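With the hints as a guide, dock the two chains, each given alone in a separate frame, to form the complex.
Now for the letters of each chain:
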Amino acid sequence: MRLLIIVTAPSYPLWKATGRVGWQPADAPQDAGAKVRVVGPDVLMVFPQADVSNSYSETEREEENREQTTSWVVEAANAPQYAAAEKVYVAGHEGYVDAERVRADVGERLDVCTPFIHMKGKPPYDELLWLVTQPDADADDAYDAAVDAVKKKLELTHSQRLSTIKHRLAHLFLPVSVDLQAWRSFDFDNEHMNDMLNWYREDEGRMERARRLVYEHGQVAGAESVEKLVKELGLESSEAWGKVNRLLPRNEPTQSDDIQAAPFYVEVFVMKDVLGSLREKTGLNRLREALEAGDDSFNEWYIALETALVELRDVMEGGMQG
Amino acid sequence: MNKVLIITERDELARSIGRYLRFKEGIEVKSTFPPALPSNAYRVGKIEWVPHTFRKLAAWIEDQAEATGGDARLLNAIVIIDVPSLHSFDDLDPIDRTKDWTAVVGMLILAFPEVHWVLFGPYRPAGRLLSRSHFLRTANFFQDLGDILDLHDDGFTALFDPASLRHEIRSRLQPRSDASYVPLRKHCAAAIDEEQNYAYFNAYTAYRFGFRCHVVTSHGLMNEILKDEGETELQLTFEDIYLNFPDKRQSLSKILTRDKEFRALRRVGKRIFVTGGHKLTAAERTTWELNNKYLRRRKPLGYYSKVMFKPESGVFDIWNRSGLRQKFKSTGGKAEGFVWPPPKAQAVSDTGGTHSAPGRLLLVAELLIRRAGRILKNAETVPDIILGATLALEAEEYLGHRTPTTSLEAVSLKHQLEVLAECMFYGVEYHLDTKSRFREIESEMESIGVWFRSKTRDVSKLNAEIGIQSELVLSFRNFNQFNEEQAALSRVRHLYRRLWFKRHKSWAWLFYPARWYFDQLLSSLAVFIAALTGWLLAFGAAFTLLANSLGEPTADSAYLHGFEMAITSFFGMQPAHDLKDLEQAGALIVWLTIVLIILSFIHLGIFVSHLYSIIARR
Chain A
1 MRLLIIVTAP SYPLWKATGR VGWQPADAPQ DAGAKVRVVG PDVLMVFPQA
51 DVSNSYSETE REEENREQTT SWVVEAANAP QYAAAEKVYV AGHEGYVDAE
101 RVRADVGERL DVCTPFIHMK GKPPYDELLW LVTQPDADAD DAYDAAVDAV
151 KKKLELTHSQ RLSTIKHRLA HLFLPVSVDL QAWRSFDFDN EHMNDMLNWY
201 REDEGRMERA RRLVYEHGQV AGAESVEKLV KELGLESSEA WGKVNRLLPR
251 NEPTQSDDIQ AAPFYVEVFV MKDVLGSLRE KTGLNRLREA LEAGDDSFNE
301 WYIALETALV ELRDVMEGGM QG
Chain B
1 MNKVLIITER DELARSIGRY LRFKEGIEVK STFPPALPSN AYRVGKIEWV
51 PHTFRKLAAW IEDQAEATGG DARLLNAIVI IDVPSLHSFD DLDPIDRTKD
101 WTAVVGMLIL AFPEVHWVLF GPYRPAGRLL SRSHFLRTAN FFQDLGDILD
151 LHDDGFTALF DPASLRHEIR SRLQPRSDAS YVPLRKHCAA AIDEEQNYAY
201 FNAYTAYRFG FRCHVVTSHG LMNEILKDEG ETELQLTFED IYLNFPDKRQ
251 SLSKILTRDK EFRALRRVGK RIFVTGGHKL TAAERTTWEL NNKYLRRRKP
301 LGYYSKVMFK PESGVFDIWN RSGLRQKFKS TGGKAEGFVW PPPKAQAVSD
351 TGGTHSAPGR LLLVAELLIR RAGRILKNAE TVPDIILGAT LALEAEEYLG
401 HRTPTTSLEA VSLKHQLEVL AECMFYGVEY HLDTKSRFRE IESEMESIGV
451 WFRSKTRDVS KLNAEIGIQS ELVLSFRNFN QFNEEQAALS RVRHLYRRLW
501 FKRHKSWAWL FYPARWYFDQ LLSSLAVFIA ALTGWLLAFG AAFTLLANSL
551 GEPTADSAYL HGFEMAITSF FGMQPAHDLK DLEQAGALIV WLTIVLIILS
601 FIHLGIFVSH LYSIIARR
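Top to bottom, those sequences are chains A and B. First residue of the first sequence: 1, per our numbering; consecutive thereafter. First residue of the second sequence: 1, per our numbering; consecutive thereafter.
Pulled out of the complex, with its shape left as it was, chain B reads as follows (with noise of 0.2 Å):
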């Protein structure tokens, strides 16, 4: 445990906790008091004192964060926040405009999903999970706190919102018409590995296509969450085979034996199983082949399962390759109930709101935004990248792509630290999926585009995707992600050109041919040789036209001969017969001649610059 932030109306209570976890732990608590609300307080006076409390704790936090290394400290610290008015989860709601306190515990809640909030106030839920992790009792206080003390100690992370902790203050913004789009993950996942990076990246998938997800790396936090049927439904987990936890009691390599043993994974619908694939020794042939077989009657059922291998391949093809697109297909490719980017519809209508987020989702949004910012500059291990692609997530889903720039921000921290995750990741595969990722930059472009002015909306639009592909094609060249690289570049070029194109209607069409030809040239080296074969293909067929309307004789095939003037031209730069033989030929074929060798300079600086990249990796 890192660290534990006590929030507290009084210092008395904060102390005692201070004193226990100091001998237990050997940590020491930082605590504050929030700003009191004014007794004679009423509308304006509460409307005013939320943002200016939020901004300040949320400053007092980030400098808790600041004094021990960054940003990335706060990933799994403890805040203990008292909250007396806490009745139920509706007063947690940041933009209820009745609610003081309670409002603020909301907004620091989606502002920092990483720490592990514990609150403490009159109000404990149902949810026996949600309960444990995330409330403490006044009257078994000091067992309460014992036990989210032991769960943390067991790998517990709240970044994923396993206790749908998040999801019940979302579930109080989505009935509002200005907040309407902010989605809700009604569904829960697991993943689960004693490696760590692997963990995170799987439990970030699964996060990001709508589900929310436990990251278990110990045996007693799979005890804790997976050890009792009906105790905790998930629909997804992301399973390594060989799981050698370090607090490992058994061997859970058998498939059978972890269902016996942890019977809540019995009724998962989609497994997908994650492994190394080692079949070295006679027990890891036995061990596959008992797993095949299991699945393989479980199938009937209605139970899906994957085998997938290690290394990975980034976010996109962990979700395509284990057929959980294509599961999913119904719903857009995303988990049920997950209905992300916002419905254009939404935008349009009456009750859609404005172009503007709430001001306080903006707040939290904003502060996501520059705490993203800070880890994509300094983060030096995956989860800390991954926690970074988290916040930035977090933040357009609270702006709902309205706010356009500030919107635009999130989704180029977004992306940018995906890639980062990916590219320093040794265990995703050295070729990444550009296809998915441009795809998807492009639908969150005509997303946000909708809040744009009508009239600039498609320079705009361009203009903000060339922004982040930009970003994109550094992120590549940092990390010699050669194709990753060219494909980025080339989806750069082709903006641009569309750009251009909007700017200078008037007289672009005429060289917008020539302009989308040269693009396609540099995209890629075999779109290069097939133009090539084409031009010398029709210039032989020119010649050889020219050679018989002329009545040339040939010793050869005419269209051979053709052929041979035409290569002799390309690759030589010169006419294939002397000058005078040419022109006594005629105006055409000497006209020809001049075109092909302009092309062929053309494209061999083209080539050499594509060979040049190849050799080079730059």
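In isolation and in its complexed conformation, chain A is listed as follows (with noise of 0.2 Å):
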């Protein structure tokens, strides 16, 4: 059995459909007023967002609806009589249900949490509003499509949230990467160097914030990174995790099982050490020697790190193991 919720807004076709025969008044959440029906072996629950604040800030009041409809949430996903559901699904009208909380509270049980906008247009609001308003004979398809939906909507987050990701990636590495291909431009002008001489001189850590970003380690509890997008949908073992791994180690390979893992990281990093030579002049006339002979490795690696993040967004939203 599959369990469907789906959080609404009193005014919206989706809550007002359950007022038409076959659906159910439900024993809980108690107080949401929800409506339930049942779906062949699945059951599909729908009830208002909380609109139980008195405050007279708008902003405390969203914040108290939010925690009120929340619990509903939890108290429907883990009342006795929706025990047998093995996957939760909730479709939460945007702003008024804390995924967070619902995952920690429900558990594995939870398969989704995901924010929609009733608009048509964007999903899953049409799938969802095709599943309340068939009736008995058709819902069953229109049930799938509707999870089905709600599952690519957080796909789709993925996704995204990896593209976000792989966008403040740039932003560590390609300063780097322009500025040595402008410096190239400019036939390696002295006035230039020494610009990125001044610029990169106190630059430190650079590495270290990339990895903040790729691997979960060391971080404030709930930053995103890759890494917590890869876990979330059980890509550790795939192939296009394992070349970030190899183009971005979690730690500086020290060990030669390391080194021969990351070789290409290696190369850049370690033996040429593109990073530390911008940071001093013999460093940047060494750069300026491997330029001037045809050797962008530090670009060919940035773009390779950038085509494994692609091929890792392509997984996500292609639902595969790679």
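FYI, nobody ran anything at the bench for these hints, they're computed from the structure. Small disclaimer: the values here were computed from a predicted structure and weren't measured. C-beta: ideal position from N, C-alpha, C; glycine also. Each statement offered as a hint is correct.
As a list, the in silico BS3-like pairs of lysine-lysine whose alpha-carbon atoms are at most 25 Å apart:
#	chain 1	residue 1	chain 2	residue 2
1	A	K228	B	K99
2	B	K186	A	K120
3	B	K329	B	K270
4	B	K455	B	K505
5	A	K122	B	K46
6	B	K260	B	K248
7	B	K99	A	K153
8	B	K46	A	K120
9	A	K122	A	K16
10	A	K281	B	K24
11	B	K310	B	K299
12	B	K99	A	K122
13	A	K151	B	K99
14	A	K152	B	K99
15	B	K46	A	K153
16	B	K254	B	K270
17	A	K120	B	K99
18	B	K435	B	K334
19	A	K122	B	K186
20	B	K270	B	K227
21	A	K231	A	K152
Only part of the chain B face toward chain A is listed, based on derived beta-carbon distances under 8 Å:
#	residue
22	E9
23	R15
24	I17
25	P84
26	T98
Structure follows, in structure tokens:
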């Protein structure tokens, strides 16, 4: 049995459709005024978002209503009559359900908790509306479609979140790439070099910042990282994630096994020490010689990392194990 | 390149780009950071943060312009903006309240249409020109940046949305019930001329009537967008025949040669050739013949072309004389798919929204109007004025004629700036088409008037139109456009009369005919002369009939005598015969004479005023 919980706003068709034949008042959550309907072996529950706050402050009001609505979602998912549901899906009106708390309080049975807005053309609203307005005979397919849409929204959210992290990584490495390419385009102009030197002289910790975006360790709890997304989707053993690990290893490789596992990284950041070279004149001269000889390894490494992250994103969107 | 601004989350990338541009172009790049969105901000937090951030960044951009000479300095400035959460154009929907930074970016793009926006984020659209002009890829950042700078150096301008960046954002607004009035420009045109003023003027005309438009003032840009067939789809072009680009590589005066070189031109359905028309040399005459021959061969294939001669004569006249108004008759004289002004039905339907535009679009429109107003006061060149007119036009469209007061401001500014462009541009001939403009103003008042309170709607519309027309009178006067000024004054008098009548209906009807008559006399000298002639003929006939009825024999034709009396009394402002003789002839003739003298006095005053205006050209 699956349980799909939809939290909507009382003025919208999603709630108004529950006034039709086939819908029953739900025992849980209490006070939510929820309605349920059995769809084949599954259960569909709809209730309106809470409006219990008496606060004058709009922000406080929103906060309190979200707290209450989230409590109702948790109560519904954990209610004894739905304990048999192996999978619970929650589609909550954007801003009214705290997904983190639902995940923590419902546990492994929760497959997905995703926000949505009541707008035609914005998934999964169309599928949800289609489901709640279907007569029983046609509701099975509509239920599957709604669940897929809710899950797909989350998968898209994962790939979007990865794109955002990828973009933040770009902010760390693109300045170096731009500076080196620009320097080369100006025939390694000395004034440009001095400008770069002044900027990068105090530059430290770039690779550590990159690792904090990719890996979970050493971060503030709840902070976004590529590894967190990978774990949420169970893609730890995917080839795409492996590529990322090899290009940007979790720790600075010192053991021979680690060195062999990340050859490109070692070449660029250990042997050639591109980042370190930017901080001093001798290093920059070494870089110039390499660039003059056609060695663009830093840029090539960066493009390889970009490509690996794009592959990982595609895997997330495709929902495949790599 | 005059200005590059960077809005990014992190300083490092801005500095690297700034360093590159300082060395490459010799310009100092300015950068700033958007205010951080609190991590726990949910719906309400985002809803408040978006307009606050928009105002802050808009003010910063305006300050950068101010520091280097004013709003017009933003024309073709490049702004690189960091959008880490951009995954599709849907994210740039400015009134989507679930979006935060991307909604701000959408608002900024709409509020600064003249800026060459360059978005740096995870998303890259499929369209080649759109992605090449407005997006940077992380994997190919340096090359993409170089391409954008090259495009910019070739004269690319985003003002008329040739790459459809604003069109994509508008497309996200249209499905919304509260913003469905925002018009879309589905088709694209090109204005090709080495003279920047002509190129901008013609591009603005195309934009105004529903086309996005390229402004092509270099061979390099022409190469970029028109070289390959299928690369760019254009429905309309305004082309100078004798193209002498600064980076000219070959002669393009022969249209056949031009079409062979730039294959995208072959498929353009409507081509307007704008030329000075010189045929002084044998080579020029040969070129003319060859061009005529080529264009005649294309005609049976359904390709429309027209040659227009410089100087031009205003946006309406260009559209009329080129035959385009007729060609687009089925779509209201505008491009297909461009629905403007918003249909009245939309305003009164249940799903048509309220009398106000969405708050964020109002914010955008207010900024556009403010800047257009400043440009009106300070603009020095034709492109700057065209910029101002475009800002006002954009504001009008984002308001959809709702929020009536602000809409009226936008409409007024648009017309003032257009008139200013027409008057200032030496490429526009002396006499401008005012009829079409006044007709359009009237229809705009009709459209805006839907949102006025029904009881005072008519009066409000009249007041609004009087305000706009009065400003146009001043504009025409400032540029010694005498006939246009007179036409505008005549229109203002007409509107005042109607307003006066609406306000004093109980007794105004008594005097309305007289007031109407005097307004007609003042409208033109031809009408005045016709009226004089009419009075003389009428009084001549009256005097004749009276003389006959009194049995007065005359040596000459009775009518001639009557006419002679009328002329003498009218122009002499005295009775035709001695008063005692007239009295003997009857009281009626005396009264007739008195009335004629009074009328003569009034008409003489008006006539002297006409004459003086013509001579003094005031």
